[in-house]
Amino acid sequence: MLIRTETPIPSSEITDERLYWNRREWLRQAGLLAGAAVAGLLTPGCRAEGKQVRRKANPGPYDTDEPWTSYDDITTYNNFYEFGTGKRDPARNAHRLRTRPWTIRVEGLCHRPATYELEDFVKPYTLEERVYRLRCVEGWSMVIPWLGFPLAEVIHRAEPMASAKFVEFTTLYDPEQMPGQKAPILDWPYVEGLRLDEALHPLTILAVGLYGKMLPNQNGAPIRLVVPWKYGFKSIKSIVRIRFVEKQPITTWMKAAPHEYGFYSNVNPNVDHPRWSQKTERRIGEFRKRKTLLFNGYADQVAHLYAGMDLRKYF
Amino acid sequence: MRRLTPWLNGLIWLGVAAPLLYLSWGLWMDRLGANPIQEITHQTGRWTLRFLLATLAITPLRRLTGWNGWIRWRRRLGLAAFFYASIHLLLYLWLDQFFDWGEIGRDILERRFITVGLLAYGLMVPLAVTSTAGWIRRLGGRTWRRLHRLVYAIAVLGVLHYWWAVKFNWRPPLAYGLILLVLFLLRLRRPASSRPVVTLPPQPLSKIRSEA
Chain L
1 MLIRTETPIP SSEITDERLY WNRREWLRQA GLLAGAAVAG LLTPGCRAEG
51 KQVRRKANPG PYDTDEPWTS YDDITTYNNF YEFGTGKRDP ARNAHRLRTR
101 PWTIRVEGLC HRPATYELED FVKPYTLEER VYRLRCVEGW SMVIPWLGFP
151 LAEVIHRAEP MASAKFVEFT TLYDPEQMPG QKAPILDWPY VEGLRLDEAL
201 HPLTILAVGL YGKMLPNQNG APIRLVVPWK YGFKSIKSIV RIRFVEKQPI
251 TTWMKAAPHE YGFYSNVNPN VDHPRWSQKT ERRIGEFRKR KTLLFNGYAD
301 QVAHLYAGMD LRKYF
Chain B
1 MRRLTPWLNG LIWLGVAAPL LYLSWGLWMD RLGANPIQEI THQTGRWTLR
51 FLLATLAITP LRRLTGWNGW IRWRRRLGLA AFFYASIHLL LYLWLDQFFD
101 WGEIGRDILE RRFITVGLLA YGLMVPLAVT STAGWIRRLG GRTWRRLHRL
151 VYAIAVLGVL HYWWAVKFNW RPPLAYGLIL LVLFLLRLRR PASSRPVVTL
201 PPQPLSKIRS EA
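Sequence order for the protein chains is L and B.
Per our numbering, the first sequence runs over residues 1 to 315.
Per our numbering, the second sequence runs over residues 1 to 212.
Bound-form chain L, shown alone (with noise of 0.2 Å):
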């Protein structure tokens, strides 16, 4: 596939070696701190701090021009239980994941449901970069430069009926080809959803590449939703159904454990995990560990989507 952006990326600026030395050089002072506090020869309290440099020239309305993750650790740290459990055992198995041909079905409550062929399904759309944070539920972060499209335009395309309330999402399912589909773990196909209105808000977007390169396998390929003030595990993986629906779907996540994700799942440092606070995150690459903000940061722009609701109910 032809993946045209509209601002391309010099190859100047893709992954720089020295990004990749600075971090483990400040892995190394880590290292050298955790020992020597171990020993006691260290009050704590001292810092390394990671130097990552690259970021967004001219960051977007919706970009962050916070510095970027590095591309190793974006798609070598993943939660893609299709592929194993461990955080890199995507990077390891997703190459059995055959991402042509690939089609999707968009359906449901719409006037134009349609079978695409993947390259039919994104023609129409202009791709653009877009630097989002990413929270994970587990407690970590990262900044990731998407390659994707609005969903909106989507949705405007398949011209929602006026019942269609909410809109939900799956991923493929093929136990040869994602391994991780035999175990039982969860109740495959994996599912999400998201309100019409959150579907429709220009923050959310289907992702086909990242760092300006197609999407790897192991991060959702070959299309994927984005959305940023929402955990992780909402923004699904090789999506191969959109279906528009009248009744809140039932997640994957909900039906798993239904007191620890909610349908909603929007990143809220003041309603935590069961298990866990969510307070507080670690950017992957740093050492220190930073707060965590209401809707990810993206409190200006979603806010009033939840306006009246009581969060900590729908959580």
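Note that these hints are calculated values from the structure, not bench results.
All figures in this text were calculated on a predicted structure; none of them were measured in a lab.
We put the beta carbon where it would ideally sit given N, CA and C, even for glycine.
Honestly, I wouldn't trust all of these hints.
Selected chain L positions facing chain B (Cβ under 8 Å, derived; list incomplete) [as the list claims (entries may be wrong)]:
hint : residue
1    : Asp73
2    : Thr76
3    : Tyr77
4    : Thr85
5    : Lys87
6    : Arg88
7    : Trp140
8    : Lys182
9    : Ile185
10   : Ala257
11   : Trp276
12   : Ser277
13   : Arg282
14   : Ile284
Starting from the structure of chain L, add chain B where the hints point.
For chain B alone, coordinates are given in the frame of chain L:
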């Protein structure tokens, strides 16, 4: 068995040090993934449990092999468990909470896996402190043995801590729990020939001393 002892001794030293060496090497070489702190936290937690189970395997091993020499390594394995548990706890207090005692207190009260984890560690401390020959003498064999039965509670709490901490993949904690159960069951049938009461107090004491 006697001829094998030096080899076993070296092997057990290696086994005790290997996780630390591996984690240090991994940190140095950047082989622990994108989130090395969490990786080390998880690994040290698992190694704590493994060494606890190894400690509890000594008695069944003595019965099964009919060789009492295993006892000489029990203290080392127990202290290894304590060592990895200390790193595990320190990483939580320091790099997870940055010594925010208010937050740590809330964690202890609100999250049962933190509660039992910390309780297990708290119970390990007196056992580590009294692990020396001097303390065995001071306490007397009977009291010392009674005190060190806390290890059973510690192991149960440790497995529970792991069980409650995992997100959904309950299989590894279940495996540890089952091994622990087997180690407990092996203690139920106690052949008269190898009652630990007879072998424990004065005899291993001298062994420990001569070893040190």
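Structure-based check of each hint:
{"no.": "1", "hint": "Asp73", "result": "holds (4 Å)"}
{"no.": "2", "hint": "Thr76", "result": "holds (6 Å)"}
{"no.": "3", "hint": "Tyr77", "result": "holds (4 Å)"}
{"no.": "4", "hint": "Thr85", "result": "holds (5 Å)"}
{"no.": "5", "hint": "Lys87", "result": "holds (6 Å)"}
{"no.": "6", "hint": "Arg88", "result": "holds (6 Å)"}
{"no.": "7", "hint": "Trp140", "result": "holds (6 Å)"}
{"no.": "8", "hint": "Lys182", "result": "violated (14 Å)"}
{"no.": "9", "hint": "Ile185", "result": "holds (6 Å)"}
{"no.": "10", "hint": "Ala257", "result": "holds (7 Å)"}
{"no.": "11", "hint": "Trp276", "result": "holds (7 Å)"}
{"no.": "12", "hint": "Ser277", "result": "holds (7 Å)"}
{"no.": "13", "hint": "Arg282", "result": "holds (7 Å)"}
{"no.": "14", "hint": "Ile284", "result": "holds (5 Å)"}
Checked against the numbered hints above, the structure violates only hint 8.
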